[in-house]
Amino acid sequence: MTRPHYDITVNPAEKGREIYALIKALYPICRSITGNGVRQTLEMLQRYIPLKMHEVPSGTEVFDWTVPREWNIRDAYVKNSRGEKIIDFRKSNLHVLNYSIPVHRILPLEELKPHLFTLPEYPDWIPYKTSYYRENWGFCMRHRDYLGLEDGKYEVFIDSSLENGFLTYGEFYLKGEEESEILISSHTCHPSLCNDNLSGVALATLLARQIGMTKCRYSYRFLFIPGTIGAIAWLARNEEKARTIKHGLVLTGLGDPGKMTYKRSRRGDADIDRVVLHVLRHSGRPYHIFDFDPYGYDERQYCSPGFDLPVGRLSRTPYGAYPEYHTSADNLDFVQPESLGESFSRLVDIVRLLEGNRAYVNTNPKCEPQLGKRGLYSSIGEKERALLWVLNLSDGGHDLLSIADRSGLPFASIQEAAFLLMENYLLQPWTGESLQK
Amino acid sequence: MTRPHYDITVNPAEKGREIYALIKALYPICRSITGNGVRQTLEMLQRYIPLKMHEVPSGTEVFDWTVPREWNIRDAYVKNSRGEKIIDFRKSNLHVLNYSIPVHRILPLEELKPHLFTLPEYPDWIPYKTSYYRENWGFCMRHRDYLGLEDGKYEVFIDSSLENGFLTYGEFYLKGEEESEILISSHTCHPSLCNDNLSGVALATLLARQIGMTKCRYSYRFLFIPGTIGAIAWLARNEEKARTIKHGLVLTGLGDPGKMTYKRSRRGDADIDRVVLHVLRHSGRPYHIFDFDPYGYDERQYCSPGFDLPVGRLSRTPYGAYPEYHTSADNLDFVQPESLGESFSRLVDIVRLLEGNRAYVNTNPKCEPQLGKRGLYSSIGEKERALLWVLNLSDGGHDLLSIADRSGLPFASIQEAAFLLMENYLLQPWTGESLQK
Amino acid sequence: MTRPHYDITVNPAEKGREIYALIKALYPICRSITGNGVRQTLEMLQRYIPLKMHEVPSGTEVFDWTVPREWNIRDAYVKNSRGEKIIDFRKSNLHVLNYSIPVHRILPLEELKPHLFTLPEYPDWIPYKTSYYRENWGFCMRHRDYLGLEDGKYEVFIDSSLENGFLTYGEFYLKGEEESEILISSHTCHPSLCNDNLSGVALATLLARQIGMTKCRYSYRFLFIPGTIGAIAWLARNEEKARTIKHGLVLTGLGDPGKMTYKRSRRGDADIDRVVLHVLRHSGRPYHIFDFDPYGYDERQYCSPGFDLPVGRLSRTPYGAYPEYHTSADNLDFVQPESLGESFSRLVDIVRLLEGNRAYVNTNPKCEPQLGKRGLYSSIGEKERALLWVLNLSDGGHDLLSIADRSGLPFASIQEAAFLLMENYLLQPWTGESLQK
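Chains as they are written, first to last, in the numbering used here: chain Y, 133 to 569; chain B, 133 to 569; chain H, 133 to 569.
Just so you know, these hints were derived from the structure itself, not from any lab.
The list cannot tell twin chains apart, which means a pair is met if one copy fits it or any two copies do.
Below, simulated BS3-like cross-link-like pairs (lysine-lysine); rule was C-alpha separation at most 25 Å, straight line: (1) K378 x K498; (2) K223 x K156; (3) K184 x K156; (4) K373 x K498; (5) K261 x K515; (6) K347 x K307; (7) K373 x K184; (8) K505 x K261; (9) K378 x K307; (10) K245 x K285; (11) K378 x K347; (12) K307 x K373; (13) K217 x K285; (14) K211 x K245.
Starting from the given sequences, assemble the full structure and let the hints guide the process.
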């Protein structure tokens with residue numbers, strides 16, 4: 133047995149700049165849960181990875197839900213009585229209530245007001261609002277501009293369409309040595325918003341490209357899907373396949389300057405939970421772990437009781453805990469290459485740990501083997517401690533991660549010790565059934 | 133499935149005054165573990181609830197114990213050499229050592245002294261003392277009066293009887309939908325002492341009356357018994373019935389101004405323990421929980437290893453932690469209607485939670501159901517969070533209480549969410565066997 | 133059933149002086165993992181206990197190891213060019229690298245230096261160094277003397293032999309009522325070092341003598357073995373016997389003034405771990421408990437995964453946490469009779485608890501028995517609390533130690549209560565199988 137063929141060397145600064153460039157390219161597109169914005173987005177990702185684009189027809193029943201009609205928009209504005217555009221979709225696609233039905237009317241301010249959305253607390257930011265499942269139209273605007281609106285007539289124009297069509301999502305599958313899969317899921321339904329969720333989309337894309345260049349133990353499935361309805365559609369179309377998901381992560385909000393945050397899976401102590409906890413604990417950087425709750429992103433669907441998949445969520449500052457969330461301030465200034473690079477490094481650490489984590493058995497379990505005669509022992513340092521820990525706990529009942537956690541040593545040291553011991557025929561992979569961590 | 137027929141609306145202030153009034157009426161009676169005082173007490177309770185009075189003959193063997201002879205007392209005093217009554221049973225029934233045998237003698241102070249009990253630390257209080265199983269006579273008095281005793285002859289007179297008779301206890305049974313019982317036990321053996329335990333007796337009585345006015349899921353058994361020997365006698369006569377006790381509480385010391393206190397059952401994690409912990413945690417008031425120990429009140433018997441019933445104890449300040457305990461200062465000034473009202477509210481909360489706690493199953497376990505199309509979803513507030521928690525954890529393995537505890541939401545919110553979901557056919561009762569909380 | 137015949141009364145001060153005297157007698161001998169120094173040491177111990185000396189031939193394979201050739205040394209020195217002995221084995225046997233091969237050469241300082249070992253941080257102390265499995269020769273010296281070495285020629289002389297012979301260890305077995313054994317293991321391979329490990333050797337010897345004077349429930353096996361290779365050799369020759377070890381302790385470093393320290397067995401919650409924790413917690417003295425790790429002394433071998441014996445390690449200041457460790461400063465001034473006496477007391481407490489710890493069953497499990505009629509009950513004090521705890525938890529599922537731990541009372545009180553209850557036929561030994569603590 134030789135060292136694993138799987139390996140990734142990461143330059144976080146360079147990788148951060150690369151991810152940022154992809155976010156910048158994706159930023160102007162007006163996305164929604166359906167429509168051409170999603171297709172354009174996925175096409176842009178196809179320049180990086182050969183992902184497959186899936187189209188699910190409107191009206192398709194997916195569990196308790198129905199795929200909605202497809203929404204597309206070309207233009208939208210509000211003009212005042214002097215004919216001046218006081219709201220212009222072309223300046224920011226956040227200005228339009230996402231999924232607005234077409235409208236072209238002239239109406240007095242009083243009738244317009246119920247269709248205007250602002251953020252009084254952040255008067256210079258445009259809020260991001262949607263109305264997917266209740267037909268409506270509306271505009272989002274700066275509260276400062278709203279306060280300056282004069283009485284009078286306004287022309288509202290939304291050149292959108294809401295028609296039978298498709299829900300579009302991207303899927304990229306990498307076959308590994310094992311059938312078991314690692315799922316990486318990010319949502320593609322937000323228009324010009326950077327942290328939520330171009331950061332997740334771009335990170336997943338570059339991670340997929342990197343993993344695609346190596347041979348892996350696990351198979352990998354990257355999903356680029358509209359939030360909620362996309363995850364539900366995928367699960368409905370892939371019920372059997374979902375059972376092969378052994379570990380999973382939802383990626384979102386990974387570009388802001390806050391500390392790394394992990395939300396546990398519903399199970400709470402799944403391997404992915406243990407792995408991310410280990411990685412963050414040994415990252416040398418502040419982090420926060422919190423327990424599963426049934427709100428948030430698509431982990432809601434993956435962790436619904438009928439699936440209960442071991443899927444956690446990796447973020448930096450949690451959604452709702454930064455004021456820029458779902459506003460025009462979640463822009464290219466808010467996400468930072470440094471943060472994206474660090475997030476990428478942690479993701480690679482997680483993948484590396486998942487790939488390398490196995491249980492072994494000590495081939496010489498009665499007393500210690502004589503390490504000295506094999507040149508494996510000098511004075512006690514971290515290397516020797518790692519060797520002794522792996523020998524002592526490799527009884528089939530402990531995987532390398534649990535040995536790392538019990539010893540307090542980083543996984544990489546424990547794994548290196550395992551390789552050294554295997555090369556010396558003192559360790560072999562555990563093939564038994566009943567692994568108890 | 134509709135909302136539960138079981139419901140109680142409580143006005144704590146009013147209820148506190150009602151309980152206090154019953155305590156006041158019971159206060160003058162001289163009770164003991166047997167005798168007419170107990171019968172008078174139970175007769176007074178029969179004005180509230182149709183409890184059944186049981187008589188167990190003296191000499192009956194109950195496990196390791198024997199029901200003692202019946203004690204009754206008519207009068208008692210000590211007169212000094214001038215013929216002045218310096219101790220008078222008619223002024224306070226605490227003056228007589230409970231279970232004193234009859235005596236009528238004239239004797240010098242030196243011979244009297246071994247029969248006098250006082251509290252040097254609280255010179256104005258009369259202690260409460262008993263001698264049930266060792267024949268003796270004695271008087272309890274204020275230490276201040278004791279210090280003023282002059283040398284000379286004293287006439288002691290106790291007009292009591294200790295003869296074959298009965299041990300009397302009260303039992304009130306309410307049949308519910310299920311055979312499983314909730315036991316509420318209070319002791320009736322203390323003479324003019326309010327907190328210990330007229331508070332428990334009165335609270336149990338008014339709770340029984342209130343529960344008797346509704347239809348309940350569980351059957352209820354209220355016991356009004358002399359401490360220790362009464363619980364042992366009941367258990368000895370009802371060994372089989374005791375097996376149907378699913379949850380139980382000993383009530384005592386519920387009228388003082390201290391914070392609510394709960395003593396866990398021997399099992400430590402029985403449903404009653406989880407339920408009371410939840411209720412106190414969400415009461416918005418300070419409280420204290422402590423682990424089972426084999427001292428205290430009748431939980432000692434219910435939690436003996438041959439029964440090991442899931443019975444905890446609800447009190448306010450624990451016995452022994454307030455100086456008024458077992459003295460004349462545990463009087464009508466010490467217990468307060470406000471405290472009694474709050475204790476009653478907590479009891480009702482506990483009953484409500486026990487009645488309502490069940491496990492359900494999500495009928496749409498794969499991904500979330502679309503709450504919006506059912507009008508169940510607007511923006512995320514406590515109501516929506518409760519809906520999502522119930523859906524996510526209703527897999528048969530979690531009862532509503534465990535969902536409430538995991539979510540941090542109050543049980544009532546979780547239960548309300550369950551009703552809403554049932555009304556929308558998204559939830560149904562769990563009928564499986566192996567519930568694991 | 134009467135009180136246990138097993139009992140030890142200890143006068144710690146006197147015992148400390150006795151142990152110290154044995155250390156003083158053993159101190160001058162030059163020990164190693166083989167050789168006559170070990171034999172002399174064991175002969176000296178035979179004056180206290182009839183231990184058996186075992187000889188394992190060089191070349192014997194013991195698991196992954198081979199018993200090395202036997203090392204003996206008669207003299208050694210380094211002379212400067214003026215013929216002055218600047219290092220003299222006769223002044224301290226630490227001066228010679230343990231297991232040095234014979235040498236007699238004249239060589240310049242530059243060639244000598246690689247064979248000299250010093251402690252720059254403690255310039256007045258001689259380090260203790262070994263080279264058991266790599267042929268080498270060398271001298272250990274004070275760094276202050278090393279700095280004064282002049283250029284020039286030096287005569288080095290080591291009159292040692294490294295030849296086929298034996299590994300010698302001592303074993304003392306005491307048959308008890310049960311086959312199950314308590315193992316007490318100490319290492320005998322260190323030359324003139326007191327805390328590590330003459331303290332362990334001397335304590336084990338006097339404990340063995342004391343236990344030998346009583347009748348015990350358990351059988352006891354005391355091992356006096358060279359570190360690592362000795363434990364491995366014993367385990368290899370006694371694989372079956374090792375399965376009867378029910379509890380075990382490695383003793384070392386028990387004479388320094390630091391607080392008592394216990395290192396848990398690999399299992400972490402073995403009886404020995406619970407017992408030592410209870411003893412230290414109730415000792416009234418500071419202590420420290422730490423988790424198993426696979427470094428340290430012979431617990432490494434006993435706790436290797438193929439054996440996984442319930443063996444912990446009792447020490448005072450852990451090795452490596454005191455600068456005198458493995459230097460000439462670990463001498464007769466460093467170990468103190470007071471510390472040795474306290475260590476002995478704790479050991480006796482541990483043995484007493486192991487001997488006395490059993491599970492019982494309450495013969496009257498339904499409700500409390502009437503203690504008063506048996507004269508066992510007055511007012512509630514520690515004695516009554518202990519009686520009630522033993523009655524309440526003696527259901528076969530709790531041994532006395534777990535009752536002591538749950539109640540917070542010292543084991544001795546709980547055990548005394550058990551005896552009282554047995555004498556009153558209220559308790560009997562548990563003979564069932566499936567004890568769950």
